[in-house]
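**Student:** Going down the list, the protein sequences come from chains A and B. Residue numbering for the first sequence follows the working numbering, starting at 1 and increasing by one per position. Residue numbering for the second sequence follows the working numbering, starting at 1001 and increasing by one per position.
Don't read these hints as lab results, they were simulated from the structure. C-beta atoms are modelled at their ideal positions from N, C-alpha and C, and glycine is treated no differently. Keep in mind that the hints are not guaranteed to be accurate.
Unchecked claim - Reference excerpt, derived from the structure (chain B facing chain A, CB under 7 Å, subset only):
(1) 1078
(2) 1083
(3) 1085
(4) 1087
(5) 1089
(6) 1093
(7) 1094
(8) 1097
(9) 1098
(10) 1102
(11) 1105
(12) 1106
(13) 1108
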Amino acid sequence: MKQFIAFVKKEFFHIWRDKKTTFILLGMPVVQIVIFGFALTNEVKNAKIAVLDNAKDAAASSLITQIDASRYFEVSQHLVSYREIETAFRQGQIKMAVVLPLHFEEDLQRYNKAQVQLIADASDPNFANTVTNYASAIIMDYQRRITNNRKLPYTINAEVRMLYNPQMKGAYNFVPGVMAMVLLLVCTMMTAITIVREKETGTMEVILVSPMKPQLVVFAKAVPYLLLSVINIASILLLSVFVLEVPINGNIFLLVGESILFTLVSLSLGLLISSAAGSQQTAMFISLIGLFLPTVMLSGFMFPIENMPLPLRIISNIVPAKWYYIIVRSVMIKGVGLKDVWQETLILSGMMIFFLTVAVKRFKIRLA
Amino acid sequence: MTNEKIITADKLSKRFGDFVAVNEISFEVCRGEIFGFLGANGAGKTTAMRMLCGLSLPSSGEATVAGFDVYRENEKIKKSIGYMSQKFSLYEDLTVKENMRFYGGIYGKSDAFIKQKTASVLEQLHLQKEANKLVRSLPLGWKQKLAFSVAIFHEPVIVFLDEPTGGVDPVTRREFWHMIYQAAENGITIFVTTHYMDEAEYCNRVSIMVDGNIEALDTPSALKQIYQSASMDEVFLKLARKATRADG
């Protein structure tokens, strides 16, 4: 135990002396949350649109006002001809154009049928999809209001309820994602690098000649990063609750416990990498390419796994972040308990035991 | 120096595939002796030393270190030896004191022992003023001497030094050997590899390895007589010329 404490102390000295790295490690989650929260959002806010109002009647202008008044759109141009639409899109000034036909009000009232054309810039398909959906919703809303007094023969009203995230906030999605990313990066890369550094400088040899047990060395290396991660978990959760207003609906202890489990998986992975890598650069490279990219792409955080081709869906199962991401989303946003995430928890635990066993084994073999 | 055998090796070998790095070497080292382990680069001296330190398992042969068997009593050997590697083995981002505390700590020494020993080492090296400075800021010669002091900090029976004076100026090397003599006087057995032949003269006995074999083993003066040479340098050249193995 004394040996262990001496070793952990030394690790903290390393971290503490390297202030720049420490600052990055602790500042990274804050920066990422802020960037994802305020800059990188795919929510539509005040998208600039153009209106070609051929009708110029009361119904048309009230519809336009309603679109303009929503927080999603801002009418920036009033066009007079079809040709101008193309020009406006080419110049990139607008995201969508709304075209109202001649006799809009008349069509609506006499024939019960009027048409509105929505033209969107589909060079960004996701965005085009989102804006047209929003616009359709506003038009439907408008229709509902004007038909309020009248009885329509047949109507189906689809009532949509967005469960767990009624305001459709992007933060609900990326907070779990950022947690997975930050924890993985801190734990995996840093543990891998710190062990490989000792190999490079030659101090590892001296440690291996000492009576300290190799397993103990491995654990002592991991402890400081586990603590750093707990700080990071806390700062991410605080930021998301108080700045981004993402609630923690589930049990906070369960959430923290699961996060620590994921941290342990990442630490074990870092230890495993360190046993394979000969230099700090290699360790960093393996961590970034081999872990970070799959985490971003295959965890379901950026791209939905359900839409991926089968081989990728299968591969995604071995990405630890996928399971953690599911757990955090379930516990934090949906507010479920352990009985609904025990399978994912079991998978993560299995991964941790597997990685750790292999890492410790490989570390010992190096002695022979 | 007594006649008690502190290291024994009997037909100790290490093979990596077809390559025989160390070929059935046999020797004995007495307690308190300064034993020089000489050889060109790639002669197999580091491999032999790693086997004795428990960093590498022998392929065949027998060896004991401090009375313990290298195959079965690895843990006991580790407690009895100190080691200083070719590479500089202190933490540059730790202070002088912190380095000592760490190495004392991983050998399981008590706080009181570490405190008292730190004070005496600092005094011996005249480093009291630098005790709380980062090792990074010290000149190389001091670091080297400090590394040696740290290697024997836990008061081992034997200390293994793997080319400890690489890249150090002659004055520091002389001071370094002074420290080695002092340690030997205190009863610590010194097992040192080097390729500086003037350093070989400082040893009680030297062995010269060529291509994985021990070609000669005796006191420096006896070797000079046998090979009719004026210096260890000549002895070494006469033996090393037989080498067929290239660097590696």
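**Student:** Restraint: residue 1089 of chain B near chain A, CB-CB cut 7 Å. Satisfied or not?
**Tutor:** At 5 Å from the nearest chain A Cβ, residue 1089 of chain B passes the 7 Å test, so the hint holds.
**Student:** At a threshold of 7 Å, is the proposed contact between residue 1085 of chain B and chain A supported by beta-carbon distances?
**Tutor:** Status holds, d = 5 Å.
**Student:** With chain A as the partner, please determine if residue 1087 of chain B meets the hint condition of a C-beta pair closer than 7 Å.
**Tutor:** holds (3 Å)
**Student:** With 7 Å as the cut and Cβ atoms as the points, is residue 1083 of chain B at the interface with chain A?
**Tutor:** holds (4 Å)
**Student:** Should the interface hint for residue 1108 of chain B be scored as holding, given a Cβ-Cβ cut-off of 7 Å against chain A?
**Tutor:** The hint holds - residue 1108 of chain B has a Cβ within 7 Å of chain A, the shortest such distance being about 6 Å.
**Student:** Let's test the interface hint: is any C-beta of chain A closer than 7 Å to that of residue 1093 of chain B?
**Tutor:** Holds, because the Cβ-Cβ distance from residue 1093 of chain B to chain A comes to roughly 4 Å (cut-off 7 Å).
**Student:** Interface hint check: residue 1106 of chain B, Cβ to nearest Cβ on chain A, cutoff 7 Å. Holds or violated?
**Tutor:** Holds. Min distance 5 Å.
**Student:** Per the CB criterion, is residue 1105 of chain B less than 7 Å away from chain A?
**Tutor:** This hint holds: residue 1105 of chain B lies near chain A, its Cβ roughly 2 Å from the closest one there, short of 7 Å.
**Student:** Tell me if the interface restraint on residue 1102 of chain B is satisfied: Cβ within less than 7 Å of some Cβ in chain A.
**Tutor:** holds (5 Å)
**Student:** Minimum Cβ distance from residue 1098 of chain B to chain A below 7 Å?
**Tutor:** Cβ of residue 1098 of chain B sits 6 Å from chain A, so the hint holds.
**Student:** When the nearest CB of chain A is found for residue 1094 of chain B, is that gap smaller than 7 Å?
**Tutor:** holds (5 Å)
**Student:** Taking 7 Å as the limit, does the beta-carbon of residue 1097 of chain B come near enough to a beta-carbon in chain A?
**Tutor:** Constraint on residue 1097 of chain B not satisfied, violated at 11 Å.
Violated hint for the displayed structure: number 8, the only one.
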